[in-house]
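Q: Could you slot chain V onto chain X? The hints should help.
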Amino acid sequence: MTPRPVILVVDDEPDYLRIASRIAAKAGCAVLTAAAALPGVELAARELPDLILLDVGLPDVSGFEAARRIRKVPALAKTPIIFFTVRSELDMVSQGLALGAAGYVLKPFDPDELLRRIKAAVLPA
Amino acid sequence: MKPAAFCLTSDPAARAFYRAALAGFALKFYPTAAAFLKAPPAAGLAVIDAALPDMGGGDLVAALRGSPGTAGLLLVLTGAAPYSPAAAAASFDSGADEYFAFPPDPLLFRARLLNLLGRGPAGRPRPEKPAEYEFGDLLISPEARAASVGGKKVRLTALEFDILLYFLRNQGRVVSRYVLLEQVWKDAAEAGPRAVDKRIEALRRKLGRFGSKIGTIFRLGYIFRL
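For the protein sequence lines, the chains are X and V, in the order given.
The numbers in numbering that gives the first Met the number 0 rise by one with no breaks, and the one at position 67 of the first sequence is 66.
The numbers in numbering that gives the first Met the number 0 rise by one with no breaks, and the one at position 168 of the second sequence is 167.
Just chain V, with the same shape it has in the complex:
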């Protein structure tokens, strides 16, 4: 059976590139996220342009990955050239399986897609999140719920750990106190924005020199950048 790929792009140059680089594949094209979401497939491989007309590719990947019906799709994001490690890291954090700056090397692109298809057929269980995050000597393991700096364990409360995880998964995004209350505290009625500030102050202190990576944006909230 022919390998297949769903290609989400509105760019004619990208369509031509996919036709050439993926000759022999069964390709299906979608110009927008809306077109793809009319009947999203449960399995297969999708190549998604990071700048779709109606939605950011990273946001779409996060939404597809977060929904049980589409969590098994293999997702490849393509961003603007030149290749940026930050854009690639953000893509992987959204849940992408692979990231390329467009146009990628055609041979490498084809080989990587075939490799993904061979290695991760639909339905095969895959880890939802990376097992560990490592930034220099800051190590965070969501599974063990443990963090360390330079090999030394950082003692975090359950809530502080959840805040840190939320920041990790939303790097580079402005996170307001209210969103933290809603997404991390869950029961916002019992806490207020001041509680968030106090908890973040404690988290910064405990993270030592990594504490300054949690930036404050005056009157808006916080942003986590590594």
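If we strip away everything but chain X, and leave its shape as in the complex, we get:
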């Protein structure tokens, strides 16, 4: 049996952490969570997840900075990252996508859209 893909969800809002985790579980993935950027980066480096869902507005450092740090870990250099944030400025979206994100999802999420993004990122085409 192939092991289930592992998804790391990083968000400081408990509600969103739960929603995103539930959707990731629905996609058939094992879920790890962190409520701030730096613990998220540490967890990522230790567990090497298959996909990272990363909130942009985190309390310690931004999700973008977290993504830069994640990319410096050689084993995570190509791990897909999906950013999410509250409906916001285009600059932020461009910045996230320019960092090589696999996707960008606006909050509040459309659950089907997030599920589609997760499946596209972790399941073989």
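One thing to keep in mind: the hints can contain errors.
To be verified - Below, simulated SDA-like cross-link-like pairs (lysine to any residue); rule was C-alpha separation at most 25 Å, straight line:
id, chain 1, residue 1, chain 2, residue 2
1, X, Lys71, V, Ala34
2, X, Lys118, V, Tyr29
3, V, Lys37, X, Phe63
4, V, Lys152, V, Asp96
In short, the hints are calculated from the structure, not lab data.
A: Using the frame of chain X, we list chain V on its own:
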């Protein structure tokens, strides 16, 4: 001058369709949202695939519409067939000017795009949001900040009205209490999640039979579906 369109799609079949249906247009193709956002144009017409590899078309439309630099673009979304009124309504709510299920009828598609280009050139001021929302006999007017059910005025406080508007603009999405505090209350420090629950209870009561359209999702928040 040739009419022009920016086509955002990663699908080769869609590219071929646009080339054929929009023969004579100056077309520019972008396979991803990221490619388009490297230097987003301030004016013109963009046809956006709802399922881009890096971002949902509806989310991209909302982001483009919400930014001063790109708010003047004409935006057409294309979703998966069969045509779904719910998908179309969600697109218009994100700020799209037109919605088609793919592949649309080529003649209709071409005529509609030309019509949009002729009617709404760049820079022409356009209403940002629909003037009124109407669902059966529930009528909501953001401009007049008034709501009525069956012609009878619903008396809402300013905060309740703002909550209702937020739900309308985010139909079908799970909205957590914290997001409501952040986006509607603005100063979340002064209120807590319980305050949200109480206000929503009041809003449901005042909306009468439409109150049940605000669903509770256990431990997550609320979802508004009409």
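Q: Compare the structure with each hint and give your call.
A: Cross-check of the supplied hints:
no.	hint	result
1	X/Lys71 with V/Ala34	24 Å, holds
2	X/Lys118 with V/Tyr29	23 Å, holds
3	V/Lys37 with X/Phe63	17 Å, holds
4	V/Lys152 with V/Asp96	30 Å, violated
Checked against the numbered hints above, the structure breaks only hint 4 and satisfies the rest.
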